[in-house]
Each structure stands twice: as C-alpha cells, then as structure tokens.
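Undergrad: The hints should help you fit chain B onto chain A, whose structure is shown.
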Amino acid sequence: MPSLDLTPGSAAAPSPRSPIPFVRSSRWADLAFSAAIRTCAFSLFAIVLLLVAVLFANASLSLHSFGWSFLSRSSWDPVARSFGSLPFLFGTLLSSLLALLIAVPVSLGVAVFVLDICPAPFRTFVAYLTELLAAIPSIVYGLWGLFVLVPLMRRFAGPALVRAFGWTDLFREPNFGMSLLTASFILAIMIVPIIASVSRDLMRAVPGDQREAVLALGATRWEALRLGVLRNARLGILGTVLLGLGRALGETMAVTMVIGNHPEISANLLAPSYTLASVLANEFAEAIGHLYLSSLVEIGLILLLISVLVNGLARALVWAATRRGDGLQRRAS
Amino acid sequence: MVPSVPEPGSTPDTQAPDIQVERLNAWYGSAHTLRDVTLHIPARQATALIGPSGCGKSTFVRCLNRMHETGAGTRVEGSVRLGGLDIYAAAQAADIRRRVGMVFQRPNPFPTMSVYDNVASGLRLNGVRRKRLLDEVVEHSLRQAALWDEVKDSLRTRSGANLSLGQQQRLCIARALAVEPEVLLLDEPASALDPISTSKIEDLIYELKTRYTIVLVTHNMQQAARVAERTGFFLDGALVEFDETKRIFTNPRDRLTEDYITGRFG
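Read top to bottom, the protein sequences are chains A and B.
If you're matching positions, the first sequence starts at 22 in my numbering and goes up one per residue.
If you're matching positions, the second sequence starts at 349 in my numbering and goes up one per residue.
If we strip away everything but chain B, and leave its shape as in the complex, we get:
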C-alpha cells in the first residue's frame, strides 16, 4: 500500500489514537524502575511528564513504543493499548515503533547520510522506493519540522551531522514524522539545546499536537506548562499525580507534587 501524502497543513487520513496504560511495570535487571503506572493519554493533545532524574519518566515513554525491551536484561509487565490495540500482546515491535515515533534527548541524525537521506531513511526501511513519493514526503516532513527553508538548498550535499544542534533535533523530528506515525514520543527533546532552538521546538510541538498524540518528557516545568494539556508527575518509578496541566501547577492534590513544583526537591 502506498501511504498517501497529505498537503502541508492538512490533517492525515488516520486519526491519531489515544493510549491507555494499565499497571505498567518495568525493570532494568533487578532494578524496578516503573511501578504500577496506570494512565490515559488523550488523543491529539500534548501530555507532559515531569519529575526528578531517575524517576522513571524516560523508561515510561520507552515502554510506549517498545524501545525499553531493546536494552539488555530489561522486562516489562502490564498493558499498553494504542487506540485499543495491545502493543505487547498483539503486535510486532517494529510495527509499533513505526506507528509510535520517537525523538531522543540528544539529537542523533545519521552522520553518514545527507539531510535528504536522513529523512528518507525510515521510508526506505519500510519499503518505499518511488522517488517522487520520497521527494514529496521529505519536503513535507522538513516543512512540518520547520527546517525546510534552512536546508532546501543543500538537501543532498549536507551531512546530517553538519547542522547546528537545534537543526539536528528538528531533522530528527522530520525523520520521525516521515514514516507517518500517529503518536510522537519526545524524550527531553530540548534539554541539549540553546533557548532559541528550544523555543522553536516548543512552537513545533504546539503545532504538531493538533495532528499527533504527543508525549513529552521534560525537566523543564515551564515547558510543560507552555505546551501540554495534561501533565503527569513521576517519582521513584510511580505516577504520583496526573491531571490537567493548569491544575498540576496551580493546585496539585498531592503534597509531593507541590513540593516538587515549588522547588523544594528535584
């Protein structure tokens, strides 16, 4: 099947699904890094996950596209439903990872590939060969990631590593978007970037959440407040509180959440 390419600005044919997580537990070797997490991530909204380092928020998003299990000695229990589909019981990991895109903390473009090939790599992996289609998707993805104008003249001559760090991260977002995922997981996507690049990424998230279900892990509470409808607070591998962003930051139910957002620890 040839994936249809929507015009820039239009919505894709597929409706991005919600994610229902139930009693999710994860281990690294004997370390129990995620404990009984249950939450509902609504469709086509941005959901932010905050918490101190090592609280399990990264592990949590890595369980949403089955990346956690690629590490040695890892284990996952519980269920994650992507629009009703149990991604652990009823799906292939590779299929899930195509549908649930991921952007990492450190920009990781492929240094041996041109900008064009970086974006096209996911399509080629998934069997797309037609040049016209590739051209279209590459341009569309780079436009979506707000990078097109900066790279359109050197698409094939510039290496993916030969961009500024902020551009590299937007290239990684374009690369993730090119395979037309329904969900986008962003694992501290701006923590390695300068303030201007960070605000570009935030603008981008704001724009993308109308079309994709977005899960954003962040250290930066202002960032969560700016882009996310809902926010979850993780501590020691458990989800302490999950609510509307406004409520979390103005009137949290839990004492621990309040201590964290007022800077008493973390």
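Pulled out of the complex, with its shape left as it was, chain A reads as follows:
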C-alpha cells in the first residue's frame, strides 16, 4: 500500500509533473476477447444440438423398427430382438413421483424449520447440513441404500406395510427389499436438500411486511406463515419441486443399486422395477446387435426429452415467480 502523504498543503498544491503517458490498448484485443466469448456461448447450443442429433442418428434403427409403439410395448427381450420402453418409463415416472410425494412435505418442513422455528444459533448448522446432503455422491447413497435401506425394507417396513395396507394391492409379498418403493425413498432423500434449500431462499425473499399484514388481522403464527409467506412463494416452490423431479428422473447410480432391475409393470410397490437410466447403465456395455444398441440409445433420447420438458417447465415457473417477485420489490421501493 502506498503511504499517504498527510502533510498540510500537499493536497492543495500538487507537485508539478509531466502529463501521464496514456496508451490506448489495441482494438484487436477487444475483438479477440469478444470472439472467444461468443465461441464459448455458441458452443453450448452446438453441444445440445449435437447431443440430440447423435442420439437421433444412433436410435434411427429402433425408431424405424418400432415407431411410436416403442413407447407402448412392454417386452424387453434381446434374444427375440423385441424391445419396448414402457416398463422403464413406468418405473422412472412412478419412482420419481413417489419420491416427490415423500420429499415435498419433508423439504417444506425443513425449510420452514430453518427459516422460522430453529433457534438462531443452530440455523446455519442445519442449513449447512442440508446442503451437505446435496454434495454426497450418488454412489454413496446407493451403497447406504443397499446396506441399510434394503434390509430395513425387507425385514421391517415391507412386512408392516403388507400387514397394514395389503388389502390395497399396492403392498404385496414377495418382498425382497429391492423395490420401486426403496428407490423412491433413496430418491426422496437425495432431492430433499435441493427443494429445501431453494424453497427456503424463496420464502426468505418474501417481504416481512406480508407476514406482519396477516398477523395484524388476528392470525396465528402458522396462519401468518401459510398466508404471508408460503402463499407468496408458491409458484417458485412449484418450480423448485419440478427441478427436484428433474433430478429424480435422471438419477442413475443409487436407483440402479436398490430398485431390483426387473422390467415389469406392477401395481405392487414392493416389487422390483427398472428405470430408463438404470437400464442404460446396466446394459449399454453388453448390448450386442444393432437393434439392441439402437433401442438403448432411443431410451436415452426419451430420457433427455423428458428431462428437457420437466426442466423447461420448472424454469418457466421460477421465471414467472421471479417476475412477480420484482413486482413485490417495485412496490417496496
């Protein structure tokens, strides 16, 4: 740091010196920088387009052989060269939706707890813990699921569910522990941190005077939270839930390790199932024959399209919520 000259008069009478020799930098540097930035930005579009193009090209055999029926056929028989993606679609969608069903109430509970109920000294700690969960590699979740969750499901949770709800046909023997429900639990645990931390931020962004307005009308604490905070953040929270869904749909490793990998459509949630991502991970390396490989690539294509759809929807919702949030801010200023 240059030392400051604090002697009186130094500011009033600067010592005379020659003009500063400014040097204009070359405009080539500017152009080069701009070109480099543009290349980076456009490469993103190129990557997406290439990805779709390569998937389409490599799936063309399967697309021609099965057409739309690939989505509705449920046989997956490499020997008979008969392929259909319905069981995988079913497993992917159902396991992810069940995961949401479990994760959303828990996430909102965690978010509200951190925001409102948790004593201040523990707040950062709980928030940190939630974010830590998001950073754990999915293979670790898979291992934990295999060694802890699967035995728990086999010995305790499964039999209890069969006893209590066996009459609904949703929970029936045989119960091996590896099942659609187990995968949903793992997925739920994996997406709770995302939904919880983003929705907490959304709730925190709601101006405090909204909650005060509700309180001043004679509301209880819970009513003030529901009307003054949750209601104002609901669009954004819905977007966050869809982002969580996007993550669940594409999650591969942990699901593959606990879902049982059996392509069959069953109403029994304790039965093994299979997902789009899992079948890719398991069979791609061993796929023999053009049609088999092509069918697997088409499954990848389907997974990509579903993810794009869900994420697009989520982005649109979050965008709409932020715009309305701007309205709130404008009102505030």
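One thing to keep in mind: the hints can contain errors.
To be verified - Computed footprint of chain A on chain B, listed as stretches where at least three residues anywhere in the stretch have a Cβ under 8 Å from a Cβ of chain A:
1. 466-473
2. 512-525
Unchecked claim - Some residues of chain B that are not near chain A, with every Cβ distance over 10 Å (derived):
3. 376
4. 400
5. 427
6. 443
7. 446
8. 536
9. 544
10. 558
11. 568
12. 570
13. 574
14. 588
15. 603
16. 604
To be verified - SDA-like, lysine to any residue: derived pairs with alpha carbons at most 25 Å apart:
17. B/479 <-> A/328
18. B/557 <-> A/233
19. B/594 <-> B/510
20. B/479 <-> A/244
21. B/479 <-> A/241
It is worth saying that the hints were derived from the structure and are not from the lab.
We put the CB at the ideal spot given by N, CA and C, even for glycine.
TA: Leaving out everything else, chain B in the frame of chain A:
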C-alpha cells in the same frame, strides 16, 4: 357468533374503547427503545404521535396490538389497557390484533390475492365462510375506505398489487376495517404516498375517527394538526409532552417540543 354488519354510515354496535398505557417499556435486544411511557388515548378520537426518526413512536404503536413481540429478541414491560382489559396479562395476542387493527407505513396488500380476497382475508382467517356475509362486509369495508367506486368492477379480477400505491394503502385500510376492529393504528400511513393520495387518507381518518379510536404515527406535523384531537411528542424513547393538538402546536409546555415543532431539530 356472526358479526353484525352495520349499514354504511351507521355506527357499529360495539363502542370503541379508550386505551390506558402505564409505564410501558420496550426493548429490541439490548436497545431500550421505549422508556416509561404513560398516556391515555381517548376513545373515538384521533391521537397523533410525532417525533424524529427512531424516537420510539412506531415501537409504541406496535406495543398497542402486541406486534412488537413478533420481532426476534424483543421485550415489553408495563401495562396497556384496552377499555379496561389488560392486553398483555389477560388476553391472547391474536384476539388483540383482531380488535386493534393496524395499517403499515408501506402498503402491503397480498399480491397473490384479488382485491376481494384481500379484504376478505381477515374474515376468512377468523372463520367467516358465508358468501353473502363476506360480500356485504367486503363492499362495506371498501366503501368505508373510499375505494369501492374505483375497484367495484374488478373486485375479483384485479390483484391487490395491481393498484396505484395510494389505492393499495386504502385497500390495506379496508382489509383492516373488515374484521371490525375497535381501534385503528396507522403507522405513517401516508409517508409513501403522493400529495393527492395523502389528502384522501387524511379525509378518511377524519371520517373514521367518529367510529374508531385512532392512533396515527406521523412525520408530518401539518398532518397531525389537521386530523388529530390530541398529539404526543416522542423523543429518545420517552413521551416528552402529550396534550391537545392545538396546544402542542401553539403553546407547548416543554422546550424540546417547541424546538422540534419550530424545526430546530428532527
């Protein structure tokens, strides 16, 4: 019990009570923001509270409906009697807040609700479900807040945030009036508004004080002089002087009050 809805212009069944405050002290964490305030707020009149920023006048009104205690690390001591009822010792905070309505400095309508739902929100919170009753109260409250004519054609289609700032504030007043409070606390209700909206709010206060006990916090001394029967001057968390408005502005007893109203500080 179904609350009765008075015809526009009539007085409600309940008589608005006075407020007796004794040795009220309030803290934000370790900051002692209100020191030994004792005063009597008469029923069905407007009482103005003036003073420089941070003098404790807002904290004071927030103690009158137990909103102060919703902040983290806050504390209140002393007694506030609403027509004889000790609101801290003998009542539930939520009940008090329904009886003592509040309008905030910044208009805060609910942006996700229509104009109608904004006004009806307090009734719904307090268990009113009958549609006819809701319709009646919503209209009556909006008329009382002088907003009805401007919104009657878009009650259910317009969002609460989709109004001008002045309209938003009158919507907040309608929302507060809908739950039939007895006291109305106005915490600098016009400080965010333009002059025309401000004068509308002042007219409104003038009208409402025949039916409600009104406490008005304001930065604007002319405003206090125009609408309030009594005025209190706060400084550094203490009530310096409390008297008839005319007296405060023409012949104050205290030197500090005089300095403040003549613009020597604040």
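Undergrad: Hint by hint, note whether the structure agrees.
TA: Verification of the supplied hints:
1. 466-473: Result for this restraint: holds, n = 3.
2. 512-525: holds (count 5)
3. 376: holds (15 Å)
4. 400: Holds, since 23 Å exceeds 10 Å.
5. 427: The claim holds: residue 427 of chain B sits with its nearest Cβ about 21 Å from chain A, beyond 10 Å.
6. 443: violated (7 Å)
7. 446: Violated: least Cβ distance 3 Å, not greater than 10 Å.
8. 536: At about 13 Å from chain A, residue 536 of chain B clears the 10 Å cut-off, so the statement holds.
9. 544: Non-interface label on residue 544 of chain B holds, nearest chain A Cβ at 19 Å vs cutoff 10 Å.
10. 558: With a cut-off of 10 Å, residue 558 of chain B remains clear of chain A, as the shortest Cβ separation is near 23 Å.
11. 568: holds (21 Å)
12. 570: The claim stands: residue 570 of chain B keeps its Cβ more than 10 Å from every Cβ of chain A (closest is about 25 Å).
13. 574: Given that every Cβ of chain A is farther than 10 Å from that of residue 574 of chain B, nearest at about 25 Å, it holds.
14. 588: The assertion about residue 588 of chain B holds, with a minimum of 28 Å to chain A.
15. 603: Residue 603 of chain B is indeed farther than 10 Å from all Cβ atoms of chain A, at 37 Å.
16. 604: holds (31 Å)
17. B/479 <-> A/328: The hint is violated at about 44 Å.
18. B/557 <-> A/233: This hinted pair holds, its Cα atoms lying about 24 Å apart.
19. B/594 <-> B/510: Not satisfied, since the Cα-Cα distance of roughly 39 Å exceeds 25 Å.
20. B/479 <-> A/244: Answer holds: residue 479 of chain B to residue 244 of chain A is near 21 Å, not above 25 Å.
21. B/479 <-> A/241: Answer holds: residue 479 of chain B to residue 241 of chain A is near 23 Å, not above 25 Å.
Of the numbered hints stated above, those contradicted by the structure are hints 6, 7, 17 and 19, listed in ascending order.
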